[in-house]
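For the sequence shown, the numbering used here begins at 125 and goes up steadily by one.
Accuracy of the hints is not assured; some may be wrong.
Said to hold, decoys possible - Subject to a maximum C-alpha distance of 25 Å in a straight line, what follows is the list of computed BS3-like cross-link-like pairs (lysine-lysine):
hint, residue 1, residue 2
1, K245, K358
2, K293, K283
3, K358, K193
Simulated from the structure, these hints should not be mistaken for laboratory data.
Please read these numbers as outputs of a predicted model, since none were measured by experiment.
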Amino acid sequence: MKRTLGVCYYPEHWPEAQWHEDAARMARLGLTWVRIGEFAWSRMEPEPGRYDWDWLDRAIDTLAARGLKVVLGTPTATPPRWMLDRHPDMLAVDAEGRVRGFGSRRHYDFSHQGYRADCAKIVTALAERYGRNPHVAAWQTDNEYACHATTLSYSEAAKTAFQDWLAQKYQSPDALNRAWGNVFWSMEYSDFRAIGLPNLSVTEPNPSHVMDFRRFASDEVVSFNRLQTDIIRKHSDAPIAHNFMGAVTEFDHWAVGADLD
């Protein structure tokens, strides 16, 4: 089996005049794959609905001219600053109730439906543009799910989605009460909308509540990833992957992997 070696490259960081030299060096070193694009949302879509693909077209062509195959990443791990003007409540909230703000990466809540809708738009635009490009040999969804402890969020969006998840799983509050043992400490519920998130309680929350919240959070990652793979496959036959972080246990890697190649 022939060995392959790849590298991550960020053309948006470098003067375009340098791209040709960088691609030539990669080829001389025996590299065959180059991943690009996964952090470049602000360059792909400088303002809502206005896409700029010219620079990315040229970057892909430059790499391809040296025989390099491109893995194109969806940029959803790095929503641009203007996104917060559209969705001020899209940021995740930590267990202490603090909003995790803009200024690094992964600043989004998996459960925020407005953010998911905007992710669907950028992934659709990207897949329509490059889905049949012969130089795009593979895709990567997002980047490093759960990195920086970003799976669990205690936001209003997460609470609403969790309540819906519980209603689907248990069908009735009585069934949930029995499964969780909520007769203990009079923790019984009569309405799914009364169920909050398992943080900021006086003492340790019900372990069953915590476990279901973690199962829900894992399912949110799975469905967020599936949203992207479903879109990409409408426009491309190239394989789709994700760069998992091995030590992360906040979501089911196998379930996410079932939608990948």
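Checked hints:
1. The hinted pair formed by K245 and K358 meets the criterion: a straight-line CA distance of about 14 Å does not exceed 25 Å.
2. Restraint check for K293 and K283: the C-alpha separation of about 15 Å stays at or below 25 Å, so the hint holds.
3. Distance hint between K358 and K193 is fulfilled; the C-alpha atoms sit about 21 Å from each other, no more than 25 Å.
The structure agrees with every numbered hint stated previously.
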